[in-house]
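Protein chains: 6
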Amino acid sequence: MSTHPISRFPVPDVSDVPEDIRDIIVEVQEKTGFVPNVFLALARRPEEFRAFFGYHNALMEKEGGLTKGEREMVVVATSAINQCIYCVVAHGAILRIREKNPLIADQVAANYRKADITPRQKAMLAFAEKVTTRAYEINDEDYDRLRKHGFDDEDIWDIGAIAALFGLSNRMANVANIRPNDEFYLMGRVRQ
Amino acid sequence: MSTHPISRFPVPDVSDVPEDIRDIIVEVQEKTGFVPNVFLALARRPEEFRAFFGYHNALMEKEGGLTKGEREMVVVATSAINQCIYCVVAHGAILRIREKNPLIADQVAANYRKADITPRQKAMLAFAEKVTTRAYEINDEDYDRLRKHGFDDEDIWDIGAIAALFGLSNRMANVANIRPNDEFYLMGRVRQ
Amino acid sequence: MSTHPISRFPVPDVSDVPEDIRDIIVEVQEKTGFVPNVFLALARRPEEFRAFFGYHNALMEKEGGLTKGEREMVVVATSAINQCIYCVVAHGAILRIREKNPLIADQVAANYRKADITPRQKAMLAFAEKVTTRAYEINDEDYDRLRKHGFDDEDIWDIGAIAALFGLSNRMANVANIRPNDEFYLMGRVRQ
Amino acid sequence: MSTHPISRFPVPDVSDVPEDIRDIIVEVQEKTGFVPNVFLALARRPEEFRAFFGYHNALMEKEGGLTKGEREMVVVATSAINQCIYCVVAHGAILRIREKNPLIADQVAANYRKADITPRQKAMLAFAEKVTTRAYEINDEDYDRLRKHGFDDEDIWDIGAIAALFGLSNRMANVANIRPNDEFYLMGRVRQ
Amino acid sequence: MSTHPISRFPVPDVSDVPEDIRDIIVEVQEKTGFVPNVFLALARRPEEFRAFFGYHNALMEKEGGLTKGEREMVVVATSAINQCIYCVVAHGAILRIREKNPLIADQVAANYRKADITPRQKAMLAFAEKVTTRAYEINDEDYDRLRKHGFDDEDIWDIGAIAALFGLSNRMANVANIRPNDEFYLMGRVRQ
Amino acid sequence: MSTHPISRFPVPDVSDVPEDIRDIIVEVQEKTGFVPNVFLALARRPEEFRAFFGYHNALMEKEGGLTKGEREMVVVATSAINQCIYCVVAHGAILRIREKNPLIADQVAANYRKADITPRQKAMLAFAEKVTTRAYEINDEDYDRLRKHGFDDEDIWDIGAIAALFGLSNRMANVANIRPNDEFYLMGRVRQ
Numbered sequence: 000m001s002t003h004p005i006s007r008f009p010v011p012d013v014s015d016v017p018e019d020i021r022d023i024i025v026e027v028q029e030k031t032g033f034v035p036n037v038f039l040a041l042a043r044r045p046e047e048f049r050a051f052f053g054y055h056n057a058l059m060e061k062e063g064g065l066t067k068g069e070r071e072m073v074v075v076a077t078s079a080i081n082q083c084i085y086c087v088v089a090h091g092a093i094l095r096i097r098e099k100n101p102l103i104a105d106q107v108a109a110n111y112r113k114a115d116i117t118p119r120q121k122a123m124l125a126f127a128e129k130v131t132t133r134a135y136e137i138n139d140e141d142y143d144r145l146r147k148h149g150f151d152d153e154d155i156w157d158i159g160a161i162a163a164l165f166g167l168s169n170r171m172a173n174v175a176n177i178r179p180n181d182e183f184y185l186m187g188r189v190r191q
Numbered sequence: 000m001s002t003h004p005i006s007r008f009p010v011p012d013v014s015d016v017p018e019d020i021r022d023i024i025v026e027v028q029e030k031t032g033f034v035p036n037v038f039l040a041l042a043r044r045p046e047e048f049r050a051f052f053g054y055h056n057a058l059m060e061k062e063g064g065l066t067k068g069e070r071e072m073v074v075v076a077t078s079a080i081n082q083c084i085y086c087v088v089a090h091g092a093i094l095r096i097r098e099k100n101p102l103i104a105d106q107v108a109a110n111y112r113k114a115d116i117t118p119r120q121k122a123m124l125a126f127a128e129k130v131t132t133r134a135y136e137i138n139d140e141d142y143d144r145l146r147k148h149g150f151d152d153e154d155i156w157d158i159g160a161i162a163a164l165f166g167l168s169n170r171m172a173n174v175a176n177i178r179p180n181d182e183f184y185l186m187g188r189v190r191q
Numbered sequence: 000m001s002t003h004p005i006s007r008f009p010v011p012d013v014s015d016v017p018e019d020i021r022d023i024i025v026e027v028q029e030k031t032g033f034v035p036n037v038f039l040a041l042a043r044r045p046e047e048f049r050a051f052f053g054y055h056n057a058l059m060e061k062e063g064g065l066t067k068g069e070r071e072m073v074v075v076a077t078s079a080i081n082q083c084i085y086c087v088v089a090h091g092a093i094l095r096i097r098e099k100n101p102l103i104a105d106q107v108a109a110n111y112r113k114a115d116i117t118p119r120q121k122a123m124l125a126f127a128e129k130v131t132t133r134a135y136e137i138n139d140e141d142y143d144r145l146r147k148h149g150f151d152d153e154d155i156w157d158i159g160a161i162a163a164l165f166g167l168s169n170r171m172a173n174v175a176n177i178r179p180n181d182e183f184y185l186m187g188r189v190r191q
Numbered sequence: 000m001s002t003h004p005i006s007r008f009p010v011p012d013v014s015d016v017p018e019d020i021r022d023i024i025v026e027v028q029e030k031t032g033f034v035p036n037v038f039l040a041l042a043r044r045p046e047e048f049r050a051f052f053g054y055h056n057a058l059m060e061k062e063g064g065l066t067k068g069e070r071e072m073v074v075v076a077t078s079a080i081n082q083c084i085y086c087v088v089a090h091g092a093i094l095r096i097r098e099k100n101p102l103i104a105d106q107v108a109a110n111y112r113k114a115d116i117t118p119r120q121k122a123m124l125a126f127a128e129k130v131t132t133r134a135y136e137i138n139d140e141d142y143d144r145l146r147k148h149g150f151d152d153e154d155i156w157d158i159g160a161i162a163a164l165f166g167l168s169n170r171m172a173n174v175a176n177i178r179p180n181d182e183f184y185l186m187g188r189v190r191q
Numbered sequence: 000m001s002t003h004p005i006s007r008f009p010v011p012d013v014s015d016v017p018e019d020i021r022d023i024i025v026e027v028q029e030k031t032g033f034v035p036n037v038f039l040a041l042a043r044r045p046e047e048f049r050a051f052f053g054y055h056n057a058l059m060e061k062e063g064g065l066t067k068g069e070r071e072m073v074v075v076a077t078s079a080i081n082q083c084i085y086c087v088v089a090h091g092a093i094l095r096i097r098e099k100n101p102l103i104a105d106q107v108a109a110n111y112r113k114a115d116i117t118p119r120q121k122a123m124l125a126f127a128e129k130v131t132t133r134a135y136e137i138n139d140e141d142y143d144r145l146r147k148h149g150f151d152d153e154d155i156w157d158i159g160a161i162a163a164l165f166g167l168s169n170r171m172a173n174v175a176n177i178r179p180n181d182e183f184y185l186m187g188r189v190r191q
Numbered sequence: 000m001s002t003h004p005i006s007r008f009p010v011p012d013v014s015d016v017p018e019d020i021r022d023i024i025v026e027v028q029e030k031t032g033f034v035p036n037v038f039l040a041l042a043r044r045p046e047e048f049r050a051f052f053g054y055h056n057a058l059m060e061k062e063g064g065l066t067k068g069e070r071e072m073v074v075v076a077t078s079a080i081n082q083c084i085y086c087v088v089a090h091g092a093i094l095r096i097r098e099k100n101p102l103i104a105d106q107v108a109a110n111y112r113k114a115d116i117t118p119r120q121k122a123m124l125a126f127a128e129k130v131t132t133r134a135y136e137i138n139d140e141d142y143d144r145l146r147k148h149g150f151d152d153e154d155i156w157d158i159g160a161i162a163a164l165f166g167l168s169n170r171m172a173n174v175a176n177i178r179p180n181d182e183f184y185l186m187g188r189v190r191q
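Chains as they are written, first to last, in numbering that gives the first Met the number 0: chain A, 0 to 191; chain B, 0 to 191; chain C, 0 to 191; chain D, 0 to 191; chain E, 0 to 191; chain F, 0 to 191.
With the rest of the complex left out, here is chain A (with noise of 0.2 Å):
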């Protein structure tokens, strides 16, 4: 078990924090076995908290034109620009589960345009990085190239809103350099 502080700033006993987020902790940590840290750090505010993971899941849960593993690469794709560990090992993992595909997380942190991903996908991952790396020059033509691609507007917003979620939350873990769980950086690996 690791002993290096899962974030710069303190984090509270569990115990402490207001029922609805207690319970959402709990209820995270029986499904996955473990509290992934980024609950525990934001839970020091919980408005915050409520408001990151009510965004999180509005983007991430959804039914749509992508696919929840798709969903996923936008954030490894993104997080991978952005530098931030956390997104980069928590989402790789899920990332890999979604995929049943223990390869294809790495391969999308290093550099999308060569992993092993439908030419659709990388559409929607240049996208996103796009929006990651210049959204000032999103225009028209970027519109037609993934609806070419069979992405309809409701699908290109929720690409531009996860990679502007996780940009968010990038931002947030390397300000206050949140430390992914050991458990994620295996999970997903083998080949079930």
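No lab work stands behind these hints, which were simulated from the structure alone. Computed from a predicted model, the values in this text were never measured in an experiment. Be a bit skeptical, because a hint or two may be false.
One copy or two, either will do: identical chains are not told apart, so a pair holds if it fits within one copy or between any two.
[What the hints assert, rightly or not] Derived lysine to any residue pairs resembling SDA-like cross-links, with alpha carbons at most 25 Å apart:
no., residue 1, residue 2
1, K121, F8
2, K61, R49
3, K99, R44
4, K67, Y184
5, K129, R44
6, K67, E29
Once you've looked at the hints, dock chains B, C, D, E and F against the given chain A.
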């Protein structure tokens, strides 16, 4: 009155949005005299609307070591880097009003380093700039530099979180081409 | 009235500058109602003053395929990239007046790609941006793109030269911390 | 077993390569249990093969002030900057094994500044980053900074040369789309 | 003799240009032995010609804390950053002659930080580089650093203004593809 | 004769280096009339010396779709981007000699896009630039673009490998401050 569309995406009729969101929209209209377009542009996705404004209010309307005017400076400086017309114009207006200074927003947007603000405020904006452009390099020296200016760790979280949240907002406004209301341009420009 | 210095460098008394320069200063004061600070800041070096305003007048007040308003758009877009408070604020005022449009300067300064301007004007500003940030890559395709929008080669020279001249001006204003007059901020903001 | 091609370029049959190269390939296969794809991808050009592995062995397997694990850290950090899937994955595996640390490679690849390594190792990687991105700015202060961490000039040459050699390797792997063997992804991930 | 065109734009016959400009051209030809192409390329726009050379002479031929050779160093370093063949080649020649040093121009153009110049001159060029690439960040520390090397504020203005003026010149030469005369390449290369 | 040191690192006496290396040094001296400093600077590490020159000769002296002059163009363009005085100066000399063109090296170093070379050669250098600055983005379109100019896949490997090898060399020369011999500056400058 402008005839340009508010957003690339369809905007719901206020009578069709969920009641809690309608209440928020009505309230801001009564307070401000018009409905800022971002409320309408986000209302089509109620969960994201709630999350965004929950986050926004948690960070922008709280007490703490940063004044409300300083929080708006962070927004304007961040939004200028991200080239977001909506946030530069709308939050520029709020900044002028908060600071009772008709010149400050244009200065901070163009080059905060040479604006009529204090060295402490310049240090705050230099940190916001680093969060915006290379949060992955944030380190102990950044914290020390801010502490020397009298910021405590909660303030530093606030600066980072505001820059991170508006990084999200700037990206969404550029993805969706959200247009600022004409009213914002002139607000706070006449010294009272 | 602002008590901030006009420049890092000492500013001569108008009565001490050479007569031709004093005449220019008196003329602009009569026309504008105040002396824009750049006249005072440059007057300490008469030869450079003459050269700068000679260049300026040759490019900004000539006839040709660009309207005077379009020339100011090039100045504002260039000056925003170069983060020059003086030129964004002062030429933003002139742009509003030339175009009789109180919104345009803030839009062009924040993100010309999403401003309320024509596709032809966006192409013009994209060229100005390229001249500003990577003129070494300018090639035949850039010329062709502008010609398709109806610009002839003299217009292209004009766009390039205006971006280049204000690149000079932006740098000097940032080296010397030249401060825009308070009057500029409000000029042209009220639709007549 | 992956069915993706090893490289954009044809890969020779091991029985067709010059004997000295075949010996090297057989040796690495016996030692590692498989033939890393870079050996096959480069074998089509025997002289370049010999030069590359000669350089590699001279720098990676020597004695000196850097441990073998530290040399691999330089490789992984450099390769992450250069977005080279092959080297991040393959040398990430070697790094985990050398350091007997299943977490370190993903941390160094995502953001070495926040990895679980010593300040001395962070200084080493900051130098490797500078060699990779702006070697032209290297100066006496860089040398002094490293000497304060106990590196001597031979160590500094080693760090620079490893970053430079893998800059070459990263570029070739990206030009030729050299693909890491599936085996690398899991190596060294289970704490023994 | 080169048969490549001098410029993308038509070049006037010397007999057709205004008399004051013709006098300047005749004078430079008598002094140098040939007419540098920039005189011909700019002569088609007499007002801009007068402004440019007025600025140029005011900055390059004055007395002051910078030698004429040092002024040319600023030109060459700036022009190399801006990738301007005309100015690197033509002012490289002048620099060699001013400094009576056949090696210096190629060194300054390739990497001024490692050229055979004094620490004071390197500080001067570091400032010119900052003016060229990020003048908006110039601050008191930059002034202090130069003052420690013996530059006074007039010298600092000169360095900044030369970098700014040649930023203009570099952009025009790249917009118009102005070609250096063949004669410049060899001038000053043989130690006398 | 220059009295500046050849390198930051001690340079061995030629009589002390291994015989195979001494033979190479003697041979180049006989052929060129002097010993290029890079031979002396690398000789202190014999294995690296052998690997570097093995790589160099494999790529620079082979037959193929690229002429020897074109290979040198790749070196000069790459080295200019990497701001390596040694390689710009030394390989600039070789380029002039190979091409029997006294102007070409200075043009390619300053801005290859506007040099007196063919469109095919510009495409070659654009690829070398991409390998140098963002090899991770290389894709099928880059290959297609080069094939349209008549390059086959072996030529493309060559261009990429030369840019990659000199990226290594540029970094080592900047790490070790390797200084070009004075003789290179004038070589090939007089049209024969």
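We went through each hint and held it up to the structure:
| no. | hint | in the structure |
| --- | --- | --- |
| 1 | K121 <-> F8 | between (37 Å within a copy, 22 Å between copies) |
| 2 | K61 <-> R49 | both (18 Å within a copy, 16 Å between copies) |
| 3 | K99 <-> R44 | neither (34 Å within a copy, 30 Å between copies) |
| 4 | K67 <-> Y184 | both (20 Å within a copy, 23 Å between copies) |
| 5 | K129 <-> R44 | between (31 Å within a copy, 23 Å between copies) |
| 6 | K67 <-> E29 | within (21 Å within a copy, 40 Å between copies) |
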